[in-house]
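Chains as they are written, first to last, in this note's numbering: chain A, 1070 to 1754; chain B, 48 to 301.
One thing to keep in mind: the hints can contain errors.
Unchecked claim - Below are the BS3-like pairs computed for lysine-lysine, each with C-alpha atoms no more than 27 angstroms apart in a straight line:
no.: 1; chain 1: A; residue 1: Lys1695; chain 2: A; residue 2: Lys1721
no.: 2; chain 1: B; residue 1: Lys138; chain 2: B; residue 2: Lys84
no.: 3; chain 1: A; residue 1: Lys1174; chain 2: B; residue 2: Lys84
no.: 4; chain 1: A; residue 1: Lys1558; chain 2: A; residue 2: Lys1530
no.: 5; chain 1: A; residue 1: Lys1174; chain 2: B; residue 2: Lys224
no.: 6; chain 1: A; residue 1: Lys1721; chain 2: A; residue 2: Lys1588
no.: 7; chain 1: B; residue 1: Lys235; chain 2: B; residue 2: Lys213
no.: 8; chain 1: B; residue 1: Lys174; chain 2: A; residue 2: Lys1213
no.: 9; chain 1: B; residue 1: Lys116; chain 2: A; residue 2: Lys1174
no.: 10; chain 1: A; residue 1: Lys1208; chain 2: B; residue 2: Lys174
no.: 11; chain 1: B; residue 1: Lys224; chain 2: B; residue 2: Lys174
no.: 12; chain 1: A; residue 1: Lys1424; chain 2: A; residue 2: Lys1476
no.: 13; chain 1: A; residue 1: Lys1121; chain 2: A; residue 2: Lys1213
no.: 14; chain 1: B; residue 1: Lys116; chain 2: B; residue 2: Lys84
Quick caveat, the hints were computed from the structure, so don't treat them as lab data.
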Amino acid sequence: MIKHSLQIQVLYEIAMSIGNETNLFDMLQNSLSVLLRNLNCSAGAVIEYEKKKMNGCSITPIATIPRNIDNLPVYQSALRKISSQLSSSEMAEFIKKLPDTGTVKNQFYYLIMELPGFGFLILIKANTPLEQQMIYSLKPIAEKLSGACIACRQNEKTAQLVEELKIENTERRKAEDALKKSYELFKTVLDSIDATIYVSDMNTYEIIFANQHMKNCFDHELEGEICYRIFRNERQPCAHCTNSKLINKAGNILGVYTWEDQNPITRKWYLNFDRAINWIDGRTVRLQIATDITRLKDLEGELRHSHKMESIGTLAGGIAHDFNNILFMISGNAELLLEDIPKWEPTYKSVEEIKSASMRAAGIVKQLLNFSRKTDQNLIPVDALNVIEDSLNFLRSSIPSTIEVQKKLLISNTTILADPVQINQVLMNICTNASQAMEETGGVLRIEAKIIKLDNSSAEKYLELKEDVYLNIEIIDSGPGIAPEAIDKIFDPYFTTKEFGKGSGMGLAVVHGIIKNHKGSITVNSQIGEGTTFTILLPLIDEKPHIEIKEADQQFGGLESILFVDDEASIVDMSSRMLIKNGYKVTTRTDPVEALELFRSIPGSFDLVITDMTMPQMTGVKLSEKLMEIRSDIPVIICTGHSSLIDEEKAKNLGIAGYIMKPVSMSNLTRSIRDVIDNKFCTDF
Amino acid sequence: MGLQIELALYISSIFTVFGLENNYIGGGAGSLNMVSKPCLFSNEGLLMDHGIIVFFEGRSGIGVNHGWKSVSGPYRVTSSDHNIIKTLDWKPAFDVYSNVIQNHSGQKITKDQFFDIAKAYPLGIAKLGAERVVRDPIKALDDDSIMCVGEVMEGTFVDILNGDAKSLIAAAGNAKKISLQAINDHAKPSIILFIDCISRVLFLEDKFKYEINEVWSNDLPLVGACTIGEIANSGSDYLEFYNKTSVVGIIESK
C-alpha cells in the first residue's frame, strides 16, 4: 500500500514535470532529470524517430543524461536494438512489442518505451530493473512526454517561421523604407520639374499620380480624379485621346506620342509627350509629360504678326510714295483753287472738302506707314495727363450718352516720350471700339491711369518690356466681352468682328503698332459677359514735357530763285504755280540729269533747290550731293512722298537743308522754304 | 551552499557533464547562522556562491544513508519557490508542519525557535527504490512558508520524518557498508571520507562521536567534514543533493 502510494507520488511528480518548457531540449532535459531522480535510474535518453523516403527510417538521440551516455555499454545495447530496425515495417513491428527490457552483465538494466508519434525513451538502472508494474504505469507518462515533444517540435517550427518572418519583415521593412526613400526622391525630383506630369489608368482614366507643378496649375489635388473631367471639363473621354496610339492591339507598348494642344481650362499651350508605361502594380498606364509652350506660341504669334506687319509695311511702303504724290497733286491744286475762288462761291466749300479729304487720305497713308514702322516718328516729351485728358474731352462728344465715361487718373507730372497725336489715336480707337460694343445696351467706360514699377519677374510677362517704371493706362468697358477664339487675333490687321462696312479691322492693328513704336506694351483681358480691359504700359522719362506753339496757317513769300525738280510733271506744274503765287522765281525740271546740267551751267542763279527723292536715273540724295559738289552752299530741300532710303535724320547727316513729306500744304511749303533760306533745318511731314 | 537558488540545476549539470564514469562525494559549505558569506578557499582566493570540484583518480565506493523515518504524509507541495515551501496540500506550509509536530510530539513549534524542534523533523521527498531525499527545514517565514536547505519542486510529495540518535547512528554505519559494497573488489582502499550533515551533529549533540565510531576503521584513516547539505551518488544512482544525511566514501588513491 505504501509502495503503491509512493509509486503514485512519483508518477504524479514525473507527470507534473512534463511539458513545462517550450524548447524541446530544455523540456526533455528537465523531464529526464525528474524521471531519473524519481525512478532512481542512472541514465536516460530520448530518441527521435523519423520516417525517410524509400521506406527507410532514421533515429536521432535528442536528449541524454549524462551527456556521455554513449560510453555505457548498456545504452549502446539498447540503441542497437532500435537502430537495427531498418525498414518502416520492421520498425512498426518492433514498436508493437514495446516496452522492451534488457541487461548487460546483470549490472545495468535498460528499458525502451515508445513515445508515440515521436520516438523512444530509454531508461537505464543499476543493479535492479524497474518493476513490471512500474513500467506499465509509465506508459501514460510516455504518452504525455511524447505529446510534449511533438508540441515542442511544432513550437520550434513556429518559432523558426516567426524568426524567418521577422527577418523577412525586417528585409521587407528595409525594402519598404528603401522604396519609400526612393519614392520620396522620385517625387521630389518630379515635383521640382517645371513641367506637368501625370499618370492615369488607361481603362478608367483615373489619375494615379500627378506632380506638384500639375497640381498647382489646376489648383487641385488630382489623384483619384478622372483626367478628362478635371483637365478638360469633358463628360466623356476626349475625342483626341491618345491612349489608342500608345499601345498596339496586342497590348504592347509603343513609343512616345508627341502633340500640341491649348488646354481649355488654363488656356495655356502645351507640348505633350504621351507614352504607356508599366506601373508598379503591373498595370499598363498612361504617362504624360507636358511643357508649357504658351510663351513660344506667343512668340510665334508675334513673329507671324511681325511678318504680317512686314509684308503690309512693304506694301504700304510701296504705295505710300505714289499715293502721297497723287494726294499732293490733289491737295496742292485744291489749295491753288481756293486762292482763286472767292469764299462766298458755293464751289469754295467743295474745294475745301477736296483739300481736307486729301489730307485725311494722307493721314491714313501715314497710319499705314506708322503701323508697319515705315515712317518717321515725332516722339517728344509730353505730359501724360494732358494727353489723356485731351482724348477724354474729345471722346465725350463722340460717344452716346447711354455710356457713362468714368476716369481715375492717379498721375501728375508724369512725362512720357510720345507722339501726342498717336496716343490720342490709340485712346480714341480703343474707346470707340468699346463704345460700339456697348451701343445697344449702354454701359460704363472707365479710363484709369497710374504709375507702376515692373521688376524683372513681372516684366517677363511683357515680351518687350524690362524692369522700369511705367505709365499704366487701363481702358475698361462693361460690354459683352471678346470671345476666346477672337482674342488672340484682335491685333491682327484686317481682323474685325464688326459687320461688313463698319470697320476696316485696322484700328487695333494700328494701335498695336503705335504702342510698340513707343517702346510700350498693350494687352487685352476679356471674358464673355464680363467686359474687356485694355492695358497699355508706356515707359516714363525724366524730361520736362515739350510745350508746342502752334503757328497760324499762313504763307511765307519771297523773291528768291528756286530750282524745283520732280519726275512728276503735274507736281512740278502745281508746285511751280504755288511758289510763283508767293513771289518766288521758279525753274522746273522733271529730269534730275537735266536739272544737274542746268545747275552746273549757272550755279549762281539759284538760291534753293527743291527735289523729289524717288526719280529715275538719279535719286534726290544723289542729285543733292552733285549739286553741293558744284556749289557747297546751295541749300537743298528733299520733298518726298515716301522713300525707304531717307528720313529726317539721314537727310540732316547728308547736309541736306530740309526734309518735307508730301502732301504738303502751301503754308508749310513756303514756311519750309523760308526757314531753309534763312538757314534753319526744317522738317514738315 | 544549500541556500543557492539554482542548486538543483548545478547538481544535475555536473551529472549531465561528467556522468556515471565518476563517483561523487561532497557537501555544502557555509555558516550556521545561514547568512551567505565567502567561505571557499581556492587559488583564486576566498569565494562565495561558488562550487569547487576536485577530481581523484582511483576507484571508490560511495554509500549514502540518513536514518530518518516517515511519521506523517505524503503531502503535496502545492506551491514552492526554489527552497521555500509555501503551501502543503493548498494550506500554509508552517500550519501543516506545526500541526504534525504537535500531534506527534506534543510540542508546539514557534517561528522564533523553529529549528530547535524542526531539527528533529525533516521533510522527505519521495523516491522509488531508495531512501527519501531529506530536506532540512531551517526557518519559518512571516508568510507561513518554510525555508529549507535545498530546492523542493512544486508537485513533489513530501513526508514529515523523524528519527532518533539510534537510527541516525545506525544509518552512518549503513552508509559505510554500502560504500564498501560499492567499491570494486580488487580495489585497495586507502582512506575513508565521511561527509556528515552538521544538523545531524546538532541533533546528536554529544552522541555524534558514536556516529563517527560507526564509520571509523582501524585499517583506514578517516577524514571528513560536517557540511550544510551533502552531494553524492549512491552506487550508480543519479547525483543528488541530500540533507541530514551521512555520506561515506571509500577511496583508493593511486
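Problem set entry | Which numbered hints fail | Hints 2, 3, 7, 9, 12 and 14 contradicted; others consistent.
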